[in-house]
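> Each chain is listed here by its residues.
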Amino acid sequence: MSFAKRILYVDLTTGKTEVKPLDMKLAKDYIGGIGLGMKLWLDHSKAGVDPLSPENPLFFMTGPLTGTMAPSAGNSYAVVSKSPLTNTIGEAKAHGFFGSEIKRAGYDAIVFTGKSEKLVYAWIDDESVQLLDAEHLKGKSPGETDETIREELGDFYIRVSAIGEAGEKLSRIACIINDEYRAIGRGGMGAVMGSKNLKAVAVRGTHDVDVADVEAFTEFVRTVHERMKGPATRKYRTLGTPENVLVLNALASLATRNFTNATFEGAEKVSGEYLNEHYVKKIIGCATCGMRCDHIAVVPEGQYKGSTSRVEFECLWSCGPLCGVDRLDAIIEAIRLADYYGMDGISIGVVVAMAMDCYENGVITDKDTDGLKLNFGNHESLVEAIRRIGTRTGWFGDTFAEGTKRAAEIIGKDAYKYANHIKGMELPGYDLRTLQTAALGFSVSFRGACHLRSGAYSPDVKGSVDRFKLEAGRGKMIVDGEDLYNVVDSLILCKFSRGVMYEGLKDMALYYEMATGIPMTAEEIILAGERINNLARVINIREGGGTRKEDQLPWKILNFPVPEECIGKGAYVKQHEFDVGLEDYYKVRGWTKDGIPTPEKLKEVGLDDLVPIVKKKIASMEK
Amino acid sequence: MPTIHEKKFVSGDPAKCIGCCVCEYACSLKHEKTFNPTKSRIRAIRLNSFVNLAVSCRLCEDSPCVAACPRDALRQSDENGTILIDEDKCNGCGWCIEACDYGAIQLHPETKKVFVCDLCDGEPQCVEWCPEEALDFTTKDVLSQKARRTAVKKLFQDALKGE
Chain A
0 MSFAKRILYV DLTTGKTEVK PLDMKLAKDY IGGIGLGMKL WLDHSKAGVD
50 PLSPENPLFF MTGPLTGTMA PSAGNSYAVV SKSPLTNTIG EAKAHGFFGS
100 EIKRAGYDAI VFTGKSEKLV YAWIDDESVQ LLDAEHLKGK SPGETDETIR
150 EELGDFYIRV SAIGEAGEKL SRIACIINDE YRAIGRGGMG AVMGSKNLKA
200 VAVRGTHDVD VADVEAFTEF VRTVHERMKG PATRKYRTLG TPENVLVLNA
250 LASLATRNFT NATFEGAEKV SGEYLNEHYV KKIIGCATCG MRCDHIAVVP
300 EGQYKGSTSR VEFECLWSCG PLCGVDRLDA IIEAIRLADY YGMDGISIGV
350 VVAMAMDCYE NGVITDKDTD GLKLNFGNHE SLVEAIRRIG TRTGWFGDTF
400 AEGTKRAAEI IGKDAYKYAN HIKGMELPGY DLRTLQTAAL GFSVSFRGAC
450 HLRSGAYSPD VKGSVDRFKL EAGRGKMIVD GEDLYNVVDS LILCKFSRGV
500 MYEGLKDMAL YYEMATGIPM TAEEIILAGE RINNLARVIN IREGGGTRKE
550 DQLPWKILNF PVPEECIGKG AYVKQHEFDV GLEDYYKVRG WTKDGIPTPE
600 KLKEVGLDDL VPIVKKKIAS MEK
Chain B
0 MPTIHEKKFV SGDPAKCIGC CVCEYACSLK HEKTFNPTKS RIRAIRLNSF
50 VNLAVSCRLC EDSPCVAACP RDALRQSDEN GTILIDEDKC NGCGWCIEAC
100 DYGAIQLHPE TKKVFVCDLC DGEPQCVEWC PEEALDFTTK DVLSQKARRT
150 AVKKLFQDAL KGE
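Just so you know, the protein sequences line up as chains A and B, in that order. Using numbering that gives the first Met the number 0, the final residue of the first sequence is 622, and nothing's skipped along the way. Using numbering that gives the first Met the number 0, the final residue of the second sequence is 162, and nothing's skipped along the way.
Chain A extracted, bound-state conformation:
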């Protein structure tokens, strides 16, 4: 059985640790990963907790397949806590090597509560758990922290997950990074770690991880390896996700200059094709996964010579086209710096793009930026802005380290028009004006703007719907996508490998059953996906959000039609169509018109104990 059946609790205030058994009913009902993590978070927190207070527990979760040789799932972990960026439930996943160590150390999850008096790191060596002084790691990047800890503990095979300076300084876009390039990226989980004075988690696990049916399991793993050589993963193995640059540009969906334009004249120069030809030096993989997708790029010459980073589409887009920057060398350096300070590679670009838009429109001036010329396309300013935000230097760095939503509140005036976020989370790389199913999908995501909560861009990009408008029928597409992705993120399968589950939910249920020995059908696992989405929604309601009021789109998406000559010219999301879309989605979900899960729906998905929360909310809305 691939669950360790144990959860480690670490109280950072007292230094006390405790191991408690994993409730196996929860392990079935919530699968593992984000599902189980969110359920545990709800049970271990008080309503309205401040995300950056000691009372907000921080969960490092593994999945049911973590620690096994399951490609792309054997190596994974998820972090769940309340997000300081969105005030909703926060969750993010990462792969690499770190996750499997937690399971091998004998834990399904590690829970950090309280706050350490001084900066520390947790050293978890199988049963032994210690909090060690980390003052000497202050200001170090996640990579430097990783290297220093392995050096001082004297074992190269120890795996480390750490924050950088941005996390220490409570930037709300701070991430957590393991294994050099792998990030718990979205939602400011790095700031939660920083608020606890927890610099890093270092783990060495030496125990066996067993599966229930080893023969069937390894046979299936063999099949997955074969499928990974096929068409389902071609994109990730060859050009990588930067292939999207030219694809989205052709669709007028490559958001440019902070969602001003939908096409980028410099697209060719920052394309996946150009990147691979001129910069990618090696493509490597995570533990247990032979698919290999990590495109490691090195700048061979010029002012950014030697700069090295792992380049995926999202960060390339946010630091490139979105800032009007058409130089890959500067983009590689920008991504390197985001990793260095430990900031979400999507959010950071969107934050800088907002600053540029504010600057171009006179909302902030040279006085505010201490002379930094934040014009679109100025690559040197992009790099310098990231430095300042990562270190919270000056008014500018300090303000934008708060993310777009709060920066807009601090600046006031028209700044909100340039803040491209949903629920506080910065938009990822899809122009929602020309991908309107995606617009609806992103707006209802429980962790804020996110392309990976439902993959709602897919029907738009494939052309199976009219992507320039919203109408009834889109709700079902989003709901199906969300429930499926909740399953994927609770098994913590890498989404790059979702295509190799040829039989979809049936394969995933089988994977779970073969590993854990707990019977699971496709119907049960998708019901778990639905349960998890409702759970997340109710958590957000308990925390004061989670209603229609929060399911909104940024100003530009609703008010600024695509201006340039292109296939998407004039496109924007019309409020009345968006309302139709929202109501359609709520109807399919079995929620009220205000977006609140009904007591009947909660009972249907086995969340009876959460009924009082929604009843109270529905009653207060009626008043």
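These aren't lab readings, by the way, just hints derived from the structure by calculation. Treat the hints with care, since some could be wrong.
Stretches of chain A that chain B covers, calculated by requiring three or more beta carbons in the stretch to come under 8 Å of a beta carbon on chain B [what the hints assert, rightly or not]:
#, stretch
1, 6–20
2, 65–75
To give an idea of the chain B side of the interface with chain A (calculated C-beta under 8 Å), a few residues [stated by the list, open to error]:
#, residue
3, 21
4, 24
5, 33
6, 35
7, 37
8, 49
9, 130
Just so it is clear, CB atoms sit at the ideal spot from N, CA and C, and this is done for glycine as well.
Chain A is already provided as a structure; the job is to place chain B on it using the hints.
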């Protein structure tokens, strides 16, 4: 005993290795019926993104590990050149570990005796599983041939394209 020319061992190609450790999982599955890289006879190393390689026993001639054992717990197989360990004699003292230049012989986390690649009865599972075909079960002679061919191909890539 097979000669040095005939002895087949598991060799990793750093140009192909991506550091995924699938070999480690395959090895622990085969020998220990579980998933546990710390019980693998082959270990992958990632020095940085660009330098990845899996290392296991190279079946040295006059093996230093055998010579180093003060308790005669190690001997080299006459049949295939692998290192055979007498677990009754081994007390985990680690002289063999110090003697090995490649870190190929290790201390087992549970038995506290040393363990090393046994070539899986001629069908190394790491080679079988490696998704990148970065591992070869081969001889030194074949490896040198292969390297020569690759080098010459590189030198004359234009001529080869013109064919």
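> Compare the structure with each hint and give your call.
So, going through the hints one by one against the coordinates:
no.: 1; hint: 6–20; result: violated (count 0)
no.: 2; hint: 65–75; result: holds (count 5)
no.: 3; hint: 21; result: 6 Å, holds
no.: 4; hint: 24; result: 4 Å, holds
no.: 5; hint: 33; result: 4 Å, holds
no.: 6; hint: 35; result: 5 Å, holds
no.: 7; hint: 37; result: 5 Å, holds
no.: 8; hint: 49; result: 5 Å, holds
no.: 9; hint: 130; result: 2 Å, holds
Hint compliance for this structure: hint 1 alone is broken.
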